[in-house]
Amino acid sequence: MEDGSRLGPRICEGDCAVLKRDDVFKAVPVLRRRKIIFEKQWFYLDNAIGHIYGTTFEVTSGGNLQPKQEVEETATETKEAGTDNRNIVDDGKSQKLTHDDIKALKDKGIKGQEIVQQLIENSTTFRDKTEFAQDKYIKKKKKKYEAVITIVKPSTRILSTMYYAREPGKINHLRYDTLAQMLTLGNIRAGNKMIVMETCAGLVLGAVMERMGGYGSIIQMYPGGGPVRAATSCFGFPKLFFDNLHEFPLSKVDSLLSGTFSTETLPSEPEDNVLVEEESNGLTDEKQTALQEGEEESTTEAAMEINQIEEQETTDINAEDVEFKENKEKENVREKQRKQWERRKKLIETAALLREKNADGLIVASKFHPSPLLLTLLEFVAPSRPFVVYCQYKEPLLECYTKLRERGGVINLKLSETWLRNYQVLPDRSHPKLTMSGGGGYLLSGITVVLDKGKSDSSHSQALKMEEPSCKRCKVQDLHC
Amino acid sequence: MEDGSRLGPRICEGDCAVLKRDDVFKAVPVLRRRKIIFEKQWFYLDNAIGHIYGTTFEVTSGGNLQPKQEVEETATETKEAGTDNRNIVDDGKSQKLTHDDIKALKDKGIKGQEIVQQLIENSTTFRDKTEFAQDKYIKKKKKKYEAVITIVKPSTRILSTMYYAREPGKINHLRYDTLAQMLTLGNIRAGNKMIVMETCAGLVLGAVMERMGGYGSIIQMYPGGGPVRAATSCFGFPKLFFDNLHEFPLSKVDSLLSGTFSTETLPSEPEDNVLVEEESNGLTDEKQTALQEGEEESTTEAAMEINQIEEQETTDINAEDVEFKENKEKENVREKQRKQWERRKKLIETAALLREKNADGLIVASKFHPSPLLLTLLEFVAPSRPFVVYCQYKEPLLECYTKLRERGGVINLKLSETWLRNYQVLPDRSHPKLTMSGGGGYLLSGITVVLDKGKSDSSHSQALKMEEPSCKRCKVQDLHC
Amino acid sequence: MSFVEYGDTIKDGDTAIVFLGHESMFPVKVQHGTVTQTKYGVIRHSMDLIGKKYGSKVTCSKGGWVFILHPTPELWTMNLPHRTQILYSTDISIITMMLELKPGSIVCESGTGSGSLSHALIRTVAPTGHLYTVEFHQQRAEKAREEFREHGVEHLVTVTNQDVCKNGFGVSNIADAVFLDIPSPWEAIGHAKSALKAEGGRICSFSPCIEQVQRTCLAMEEYGFTEINTLEILLRVYNVRTISLQIPDLGKAAEDNSSAGFDSSNPSNQGSPCANLQQGTVQFKSGVPLREMVGHTGYLTFATKSLF
Amino acid sequence: MSFVEYGDTIKDGDTAIVFLGHESMFPVKVQHGTVTQTKYGVIRHSMDLIGKKYGSKVTCSKGGWVFILHPTPELWTMNLPHRTQILYSTDISIITMMLELKPGSIVCESGTGSGSLSHALIRTVAPTGHLYTVEFHQQRAEKAREEFREHGVEHLVTVTNQDVCKNGFGVSNIADAVFLDIPSPWEAIGHAKSALKAEGGRICSFSPCIEQVQRTCLAMEEYGFTEINTLEILLRVYNVRTISLQIPDLGKAAEDNSSAGFDSSNPSNQGSPCANLQQGTVQFKSGVPLREMVGHTGYLTFATKSLF
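Protein chains in written order, with full-length UniProt numbering: chain A, 1 to 481; chain B, 1 to 481; chain C, 1 to 308; chain D, 1 to 308.
Keep in mind that the hints were calculated from the coordinates and are not lab data. Worth double-checking, as some hints may not be accurate.
In silico lysine-lysine, DSSO-like type, Cα no more than 27 Å apart, as pairs [to be verified]: (1) B/K357 - C/K52; (2) A/K403 - D/K53; (3) A/K153 - A/K239; (4) C/K252 - A/K403; (5) D/K57 - D/K11; (6) B/K403 - C/K53.
Distance ranges between label pairs, derived from CB positions [said to hold, decoys possible]: (7) C/T34 - A/N122: 51 to 59 Å; (8) D/Y223 - A/V24: 22 to 30 Å; (9) D/K252 - C/Q139: 58 to 66 Å; (10) C/S194 - D/Q138: 54 to 62 Å; (11) B/S262 - C/T34: 22 to 30 Å.
In this text, a Cβ means the ideal position worked out from N, Cα and C, and glycines have one as well.
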């Protein structure tokens with residue numbers, strides 16, 4: 001096998017890895033003797049263990065993975081392209097191989113690539129097709145009969161793309177380029193003290209953690225019984241990244257601000273939260289429901305894979321803790337108390353961190369109405385720091401904007417949306433991709449400044465004037481500066 | 001001069017013509033001995049009269065227009081392009097010709113093209129620039145020193161582009177491609193009976209008239225004292241196009257529907273309306289006001305040019321009517337009475353046209369809230385006919401959508417917006433234009449059906465279900481059909 | 001019924017659109033004695049359609065109902081049988097405006113394809129204009145002719161089956177506008193120019209790929225076209241929805257409780273702060289973009305054949 | 001202050017951002033004894049700035065006030081002296097994510113240009129990563145070095161003045177990511193590949209023109225890059241406005257009048273139907289797109305150097 005020390009990390013049992021085929025990603029736990037179904041192929045990851053991340057495998061008989069050294073392009077020498085399609089009459093009889101023939105080839109263990117070659121040779125119209133149509137045909141067939149997957153290390157790029165494609169409902173339809181804007185506009189970097197409020201399965205939290213690389217601290221605000229971090233766990237961060245990750249219940253925020261905070265009433269256990277997450281998606285519309293039902297299928301599948309990692313870990317811990325069966329109950333009670341004590345201690349620490357009111361930024365991306373979140377959580381942010389709020393809909397951000405203007409203490413407010421266009425770049429046939437995302441959600445960003453509470457009336461009116469986006473005034477100012 | 005019968009229409013005195021330089025248009029009346037200012041050049045149109053539309057002229061000394069037979073590209077043979085710009089140090093001293101030198105050349109009557117050539121020869125950095133930078137330089141200088149204009153015949157393409165660029169506030173920021181959508185979605189064609197309600201200076205009316213080519217009839221609904229048709233008059237339609245153009249005051253619509261309509265109370269005279277048009281633009285925001293102030297400058301200029309055509313016509317009529325000065329007053333009273341009588345007669349005719357409730361479509365594009373307009377005016381439309389409503393903002397159309405759903409009698413409702421992207425296509429430097437319009441407004445379109453008033457409750461719920469944009473249901477239906 | 005004139009009632013021989021629901025419809029040829037199957041049951045043409053008003057609600061045999069719509073070029077575009085990739089109304093709109101088409105215009109088109117644009121062009125140039133449309137695929141040309149006949153517009157259109165790049169449009173110096181939607185439009189620019197009137201006219205070329213556009217622009221320049229302008233137009237459709245967003249629980253309701261000092265270690269009380277909180281929601285209407293939209297149809301290059 | 005760490009108070013030597021109002025700001029180098037002119041009057045650094053908290057409101061000599069902001073790469077991008085075309089935050093965001101940058105990453109960049117992207121890259125790879133940036137224009141390279149020094153990030157960046165197409169990045173097999181913003185990126189793909197780690201890494205090329213993209217994609221394929229993906233990202237900014245639209249007068253208020261039968265030929269009564277009508281308006285908040293927006297910056301082509 002390869003020299004791993006020079007070539008980067010190897011695939012290890014227990015890792016969270018990402019399967020990749022063309023543009024399709026799927027996060028899976030690396031486990032032995034576990035059947036994986038991906039892109040209509042089933043296989044086992046056993047043989048992948050020990051290989052370097054980035055390796056491409058071919059699925060061979062019995063669902064075994066076999067490393068593929070070279071990703072060759074399908075033989076182009078067989079192509080004899082027609083110049084146009086005027087002579088092609090589609091009678092549905094152009095393929096001489098029957099379904100049974102193809103099945104027979106497969107059963108014989110003939111590799112996908114060879115099947116495609118046979119399909120080409122047995123197509124009566126292939127030679128008459130234009131070069132473009134030929135390529136299209138090959139690609140289609142290749143996708144159908146060749147089973148090649150690459151195993152890659154998770155990253156924000158990959159996981160955010162994956163979630164947007166597979167389970168957008170879980171991340172409030174936050175498109176990956178919108179997430180990218182948030183990370184940059186929020187000046188997320190090592191050493192920051194960040195406040196993150198998200199209900200995006202922990203994807204946004206993971207992205208922030210990746211950008212902070214274990215330096216600095218993060219306070220995750222959570223609704224309900226505990227933070228959801230299914231996507232966070234997919235990143236495969238080292239343990240130390242979690243040392244400075246704190247969580248604080250949203251339901252304690254008002255009391256913290258009003259000075260009545262106490263740790264006596266803790267929110268319910270994290271387990272309860274899963275229900276909350278599944279129950280409400282912030283939508284009453286039928287269509288959305290219908291859509292999400294459709295999504296739910298794939299969701300369930302992928303979520304299963306991911307949750308199994310967590311289960312796995314839990315099982316491991318239990319296996320270590322429970323040495324003797326007779327001690328189990330006693331142990332459980334003690335363990336529960338210890339955990340409770342630890343939770344309370346951490347909560348007090350986190351409350352202290354928030355009370356300093358010197359966070360270096362605020363990131364909000366949730367299913368809740370952003371306005372109360374933003375107005376409250378900004379209290380904890382130091383002046384001259386950026387904040388970014390995501391919402392799937394524009395209207396709530398209009399309200400945020402208005403409320404923030406009334407409140408003061410923020411400048412450079414900007415409501416925006418990005419358009420993302422992917423291109424096909426091929427010799428003589430370059431064009432934007434034929435489908436694109438209709439929308440990736442909206443962002444409201446800004447910068448905090450010292451809030452002049454005494455003179456709020458006068459500062460308010462001046463702040464409004466100051467920020468009014470008037471082209472005329474800008475020009476005049478340009479001249480002066 | 002050219003053989004006009006074969007080569008299309010000639011420029012005539014009194015025409016409304018459009019001046020064109022690069023992508024800039026301006027509509028002007030063709031008048032003798034009248035100074036025109038366009039793109040920082042002044043000239044007289046006298047010499048253009050009698051030439052064919054589409055002719056390109058050069059502005060020569062004294063503001064005379066001289067036809068230019070060939071539009072040659074600037075000599076490319078002098079170009080010796082550098083490969084990159086690493087050796088260029090910008091010290092602001094690269095041009096050896098001074099402002100005075102250039103002024104001297106101009107005063108000598110040297111043509112613009114020659115001035116540009118001299119500028120190139122006297123630039124110390126021109127040869128070091130990349131080919132791209134050289135082209136950019138030439139274009140910039142050419143634009144500044146060469147005075148070439150083309151005179152073209154007005155059309156919807158030209159006038160809608162011109163209005164959007166020069167006076168968007170006058171047409172409620174209706175972008176030309178949005179107007180194009182309206183004309184198509186509205187199935188505007190010869191022979192239709194159309195209802196048009198617009199406050200876009202008559203541009204939308206003109207576009208509808210162009211597409212109907214004088215066949216069929218149009219009923220223009222107007223607010224205030226009379227319809228505004230400044231842009232309509234720019235099209236230069238033949239007189240017969242106006243024979244079947246009717247107008248009806250909005251303020252009479254409710255009484256018409258309720259059966260209490262009478263012609264006894266006519267709205268005030270058209271002249272009053274200009275004020276209304278100028279007063280309200282539907283915006284309270286400072287920025288918009290600032291922007292529109294900026295626009296107003298060019299607006300005033302262009303509007304002046306256009307209005308002079310109308311003045312001109314009025315003067316002509318008066319000149320014919322008033323033969324003898326002593327008869328003037330008597331004549332005036334009689335004339336006024338005749339006009340009043342005619343107006344009333346036309347109003348009764350128009351009311352009858354509307355009462356048939358068989359219009360072939362409805363087009364709304366106004367500064368007013370579209371919801372009451374749409375709900376009321378749809379009463380006059382036959383079933384199975386398209387309607388299209390434009391609004392600069394999305395929110396009012398959301399309301400229209402909701403109200404229409406409650407009302408019933410419409411299907412295929414669609415709320416949309418178009419993105420327009422212009423490209424630079426040049427060898428080795430093709431890309432989308434660097435600036436684009438941020439938005440062209442929103443459209444709500446649909447089709448009328450027979451309104452089942454008796455069963456409104458049941459039909460409403462079924463209609464809602466029927467129209468709910470559910471992907472799932474669509475797919476099922478596809479299979480069934 | 002014809003595609004260039006509205007009729008009030010459904011007649012034998014009409015092409016009508018059966019509207020089943022949101023973006024679900026299909027065209028039907030109305031014929032005495034014929035029946036059409038829908039998911040709501042059978043429609044009997046003689047009984048249910050002929051003589052009825054366009055826009056009527058028709059109850060099918062299973063009790064469900066549909067609307068019968070008068071055909072328009074736009075409805076046809078949404079429902080026609082695809083023989084090729086077709087142009088949709090968004091592109092058709094800007095093509096029609098930028099080519100300055102109106103009643104009386106003479107237009108040349110190639111290829112005819114599935115006739116989506118052709119129907120829209122005929123509608124706009126009627127009753128006094130004409131469409132010359134050239135299609136190199138024989139079957140398609142034949143099918144287009146048949147459709148134009150059925151749709152009552154055959155007097156407004158001439159379909160020619162030839163290769164426009166080799167043989168041109170078969171007319172010269174009569175067109176106000178030319179439209180090209182062929183794989184190598186640059187090979188047809190010369191023919192387009194000679195089809196256009198001597199006094200000039202407009203041309204449009206539709207191409208999916210930028211390389212085609214580059215070659216076409218060069219050819220247009222070579223042939224002396226001016227105002228060469230390439231653009232792209234995309235439709236963004238919004239679904240109108242009532243959204244309701246939860247107001248997050250920041251603990252305002254729980255403040256009284258926290259002072260009461262419930263011990264969270266008592267399992268029966270753990271849920272209590274959540275239980276007595278009034279989770280409010282905010283409702284609003286929103287125009288929500290579709291998750292996926294058409295990201296590209298083609299580049300449209302417009303140009304003017306100038307006077308000289 | 002540094003561009004990779006927040007400081008609470010303004011210190012001598014800091015680069016701070018003076019915020020005057022909506023999108024009107026400028027950077028200032030804080031120095032004891034210096035004064036800065038603004039339209040609101042003078043700011044005296046020793047008195048008004050040094051020792052104050054970042055984010056403070058500072059009153060200028062004429063009584064108007066400004067905010068003093070801590071610099072961030074994003075504020076720098078909005079305020080830096082342009083020596084070239086620069087990359088803006090919208091593109092920078094997607095570049096950073098798609099190159100999978102994080103603390104510790106080694107990145108190569110060419111050209112340095114005005115340092116807009118460089119500052120953002122350094123921010124992201126700090127404190128343990130490094131940026132190798134290559135600029136062929138000597139003046140610009142020098143200026144960039146100076147800025148990095150002033151901004152407290154010189155330990156995180158190496159500026160080299162050479163032609164990347166000829167001489168590469170000056171490092172090999174150490175980069176996690178390479179970014180190219182040069183006129184002929186295809187000439188630098190080989191150098192980019194050898195700068196990247198043996199185990200692979202990511203590359204991005206920014207080009208305004210599609211022809212550059214075409215050549216670059218070919219070169220990437222030739223050099224065995226995979227996942228070649230070209231995209232474009234555009235920012236649509238909305239102004240938040242209170243809009244009020246008039247409710248049209250359809251005559252409801254006038255109905256009583258019409259039955260009263262005023263004669264419109266009586267001039268004094270002509271205006272009456274308008275006069276007594278209560279022209280209502282509807283107010284709502286709207287996010288209104290700007291009239292003009294940036295329509296294109298460049299195409300971004302990303303690719304992966306794979307394991308084999």
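List of violated hint numbers, smallest to largest: As far as the earlier hints go, 7, 11 are violated by this structure, in ascending order.
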